[in-house]
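Work the whole structure out from these sequences, hints included.
Number of protein chains: 2
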Amino acid sequence: MLLVGFGVVGQSFAELVVSEGAKLGRDFGLRPKIVGIVDSKGAACSPDGIDISKALDSKMSSGSLEKLGAAYRPGMTGLDAIQETDCEVVVESTPTELSKGEPGLSHVRTAMKEGRHVICTNKGPLALAMPALMELAHHNKVVFKFSGTVGGGTPVLDFAKKCLEGSDIRSLSGILNGTSNYILSKMASEGSNMKVVLAEAQKLGYAEADPTYDIGGFDTACKLVIVSNYILGTSLSLKDVQVKGITEVSNEHVDKAKAKGNTVKLIGRMEKKATVSPEEIPITHPLNVSGTFNAISFNTHPAGEITLVGKGAGGKETASSVIRDLIEIRRTFAR
Amino acid sequence: MLLVGFGVVGQSFAELVVSEGAKLGRDFGLRPKIVGIVDSKGAACSPDGIDISKALDSKMSSGSLEKLGAAYRPGMTGLDAIQETDCEVVVESTPTELSKGEPGLSHVRTAMKEGRHVICTNKGPLALAMPALMELAHHNKVVFKFSGTVGGGTPVLDFAKKCLEGSDIRSLSGILNGTSNYILSKMASEGSNMKVVLAEAQKLGYAEADPTYDIGGFDTACKLVIVSNYILGTSLSLKDVQVKGITEVSNEHVDKAKAKGNTVKLIGRMEKKATVSPEEIPITHPLNVSGTFNAISFNTHPAGEITLVGKGAGGKETASSVIRDLIEIRRTFAR
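From first to last, the protein sequence lines are chains U and V. The opening residue of the first sequence carries number -8 in the numbering used here; numbering runs sequentially from there. The opening residue of the second sequence carries number -8 in the numbering used here; numbering runs sequentially from there.
For the record, the hints were derived by calculation from the structure and aren't laboratory data. Being a predicted model, the structure only gives us computed values, none of them experimental. Any given hint might turn out to be false.
[To be verified] To give a feel for the contact side, a few chain U residues facing chain V, derived at Cβ under 10 angstroms: (1) Ser10; (2) Leu15; (3) Leu21; (4) Gly144; (5) Pro146; (6) Lys153; (7) Cys154; (8) Ser158; (9) Ser180; (10) Pro277; (11) Val280; (12) Gly282; (13) Ser288; (14) Gly295; (15) Val300; (16) Leu317.
[Claimed, not checked] Distance condition first, Cα-Cα at most 27 angstroms in a straight line; then the derived BS3-like pairs of lysine-lysine: (17) Lys177(V) x Lys249(U); (18) Lys177(U) x Lys251(V); (19) Lys249(V) x Lys249(U); (20) Lys251(U) x Lys186(U); (21) Lys153(V) x Lys24(U); (22) Lys264(V) x Lys91(V); (23) Lys249(U) x Lys251(V); (24) Lys177(U) x Lys177(V); (25) Lys251(V) x Lys251(U); (26) Lys153(V) x Lys153(U); (27) Lys14(U) x Lys153(V); (28) Lys264(V) x Lys14(U); (29) Lys24(V) x Lys153(U); (30) Lys132(V) x Lys153(U); (31) Lys152(U) x Lys14(V); (32) Lys251(V) x Lys247(U); (33) Lys153(U) x Lys14(V); (34) Lys247(V) x Lys251(U); (35) Lys104(V) x Lys132(V); (36) Lys263(U) x Lys14(V); (37) Lys249(V) x Lys177(U); (38) Lys153(V) x Lys152(U); (39) Lys247(U) x Lys177(V); (40) Lys152(V) x Lys153(U).
Where is the CB? At the ideal position from N, CA and C, for every residue including glycine.
Following this line, the structure appears as structure tokens:
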């Protein structure tokens, strides 16, 4: 396995491979060997397997993989590593970028062309080019999994595919961004001003220094594209989504909603068209989750409305999705 | 296929077989043929398949299957029908009974011994004898499915098995009875007295004339046994569950909880031991669902707490679970 991207998710995954290794071998016959790790400064490669604890230590203490000695290749890029490393699976977890989806998009494409199965936790390539990537995976007979892009460790994509068979999923709607939901929840419960809550969220690490991606609705839109394409069979890309973030939601708006027994939430919705916008929902609705929770509701026939709620982000949580994807790939191999 | 029990769930299932028939054939190669239907007064049997619309009409107009003419066998019992009918699958949906689990338990046992796959929506046999029935199914090499016993059309059992692989499920807790939840929700939102809400629920058809099974906590306990055995691998039966219903929950208790930002819910919980009792949970907790919704939370490692919310009952919803079980059996055949 080759890890391209060694940020929070990449490191959490590496930690899980160490801490859960015995269990994975015992329960699933899975013995993941990491033969390469790439970060923004270089790579570490070893056909016999990287010493994961050493890699984590090096990253922690020096911010790079330089302490891996002979295995370290300063300046080596993800693309180089994908082309030069012999492995079965490439895990792409570089940061999401939404103008061209790079470098993730090239990583995914190249890995598939090299015949590698791909697990992607980076939303950029999928938000911009999901139909083409699905096709490319099919053409190259590789498995392409991306459970970690939506819902963190909450198995949103798998749930709809594996558990709702035989039911028509007619539409879906969800709270897919923890940062926006944290801010709106605080505005509703404490009457706080958006700027104040945002500053607080940034301090707690729930919001980025540049919060546009989250509170502008783009993260929600990316996830909506992925969920809708995967579950409803649409062929959307980010440009097809009508996006409105929460920046214009006022305390007055929130209070008025409250007086009606409602609450304002940033909802990604796919019915006739794909939209992201602040909506009023009844406080008794299952989508009304607070804090950094994510939730997604499937309008199914004949089983009714079914909602899945869980932590939508977090390194360890998202890494657990990568593990599940790996189990699925292993199972596909075994057939 | 033989339907034993032709109440709300059995009839809804028969309706679904008609209305979704084309889709099931096209998408899953499934062409369910109902060769027998049994109710409390007799049976209708025909190796070429029962006319389902006629059976539904007969049941509706006369309360029995007598209008099926030559196919009708007045007085024929479920046991007789199971022994005399040549079929692949028996669907058991007679009413839940908790002292001896009959007649469901004998139906399930006999069907398995006859080499039939069994789909059971009746909680009695499972609450009382689930480990033995799992063993019997295994021994007779038949598939035993019971998705409809928990969560109605919400795929609670499948979710944990199919979507949480590779995650440890350390404990679970849930709101598993819609009637109790409806009553407690009304008490909290409107300050109404339990007796008043119960009478209202009975009028709306949400509660039975004898509400003991629901508000006494026994329905929740049955579902907890099934969920815990299936998902956590325990070998519980109903007698192992410590059960306390909602009959002693006062408006004072509800109001006090509210003042603390909490709400009182009837929770079935499996941690170190299996319990059913009214508990206070924060109003912001994902389990805080209102009305007749059901919800179940899985405490997983490392993916965190994951909650599934949906309608917990309803004929059509539960029948959709039977369809899913049938698809699963069909898939097992196909392998």
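Hints, verified against the model:
1. Ser10: holds, 9 angstroms
2. Leu15: Holds: closest Cβ of chain V sits about 7 angstroms from Leu15(U), inside 10 angstroms.
3. Leu21: holds, 9 angstroms
4. Gly144: holds, 3 angstroms
5. Pro146: holds, 4 angstroms
6. Lys153: Lys153(U) check passes; min Cβ-Cβ to chain V is 4 angstroms, inside 10 angstroms.
7. Cys154: holds, 4 angstroms
8. Ser158: Holds: closest Cβ of chain V sits about 6 angstroms from Ser158(U), inside 10 angstroms.
9. Ser180: Holds: closest Cβ of chain V sits about 8 angstroms from Ser180(U), inside 10 angstroms.
10. Pro277: Since chain V brings a Cβ to about 4 angstroms from Pro277(U), closer than 10 angstroms, the hint holds.
11. Val280: This interface hint holds because 6 angstroms falls under the 10 angstroms limit.
12. Gly282: Hint on Gly282(U): holds, closest Cβ of chain V at ~7 angstroms, below 10 angstroms.
13. Ser288: Holds - the Cβ of Ser288(U) comes within 10 angstroms of chain V, reaching about 8 angstroms at its closest.
14. Gly295: Status holds, d = 4 angstroms.
15. Val300: Constraint on Val300(U) satisfied, holds at 4 angstroms.
16. Leu317: holds, 8 angstroms
17. Lys177(V) x Lys249(U): holds, 19 angstroms
18. Lys177(U) x Lys251(V): Judged against 27 angstroms, a Cα distance of about 17 angstroms means the pair holds.
19. Lys249(V) x Lys249(U): Answer holds: Lys249(V) to Lys249(U) is near 17 angstroms, not above 27 angstroms.
20. Lys251(U) x Lys186(U): holds, 25 angstroms
21. Lys153(V) x Lys24(U): holds, 25 angstroms
22. Lys264(V) x Lys91(V): Holds - the C-alpha atoms of Lys91(V) and Lys264(V) are around 24 angstroms apart, at most 27 angstroms.
23. Lys249(U) x Lys251(V): Within the cut-off at roughly 19 angstroms; holds.
24. Lys177(U) x Lys177(V): holds, 26 angstroms
25. Lys251(V) x Lys251(U): holds, 23 angstroms
26. Lys153(V) x Lys153(U): Distance ~7 angstroms between Lys153(V) and Lys153(U) Cα, so the pair holds.
27. Lys14(U) x Lys153(V): holds, 18 angstroms
28. Lys264(V) x Lys14(U): At roughly 25 angstroms apart (the allowed maximum being 27 angstroms), Lys14(U) and Lys264(V) satisfy the hint.
29. Lys24(V) x Lys153(U): With Cα atoms ~25 angstroms apart, Lys24(V) and Lys153(U) stay inside 27 angstroms; holds.
30. Lys132(V) x Lys153(U): holds, 24 angstroms
31. Lys152(U) x Lys14(V): Answer holds: Lys152(U) to Lys14(V) is near 17 angstroms, not above 27 angstroms.
32. Lys251(V) x Lys247(U): holds, 24 angstroms
33. Lys153(U) x Lys14(V): Cα-Cα ~18 angstroms, so holds.
34. Lys247(V) x Lys251(U): Given pair Lys247(V), Lys251(U) holds - Cα atoms ~24 angstroms apart, limit 27 angstroms.
35. Lys104(V) x Lys132(V): holds, 10 angstroms
36. Lys263(U) x Lys14(V): This hinted pair holds, its Cα atoms lying about 22 angstroms apart.
37. Lys249(V) x Lys177(U): Roughly 19 angstroms between the alpha carbons, so the hint for Lys249(V) and Lys177(U) holds.
38. Lys153(V) x Lys152(U): holds, 10 angstroms
39. Lys247(U) x Lys177(V): holds, 23 angstroms
40. Lys152(V) x Lys153(U): Between Lys152(V) and Lys153(U) the Cα gap is close to 10 angstroms, so the pair holds against 27 angstroms.
Hint compliance for this structure: every hint is met.
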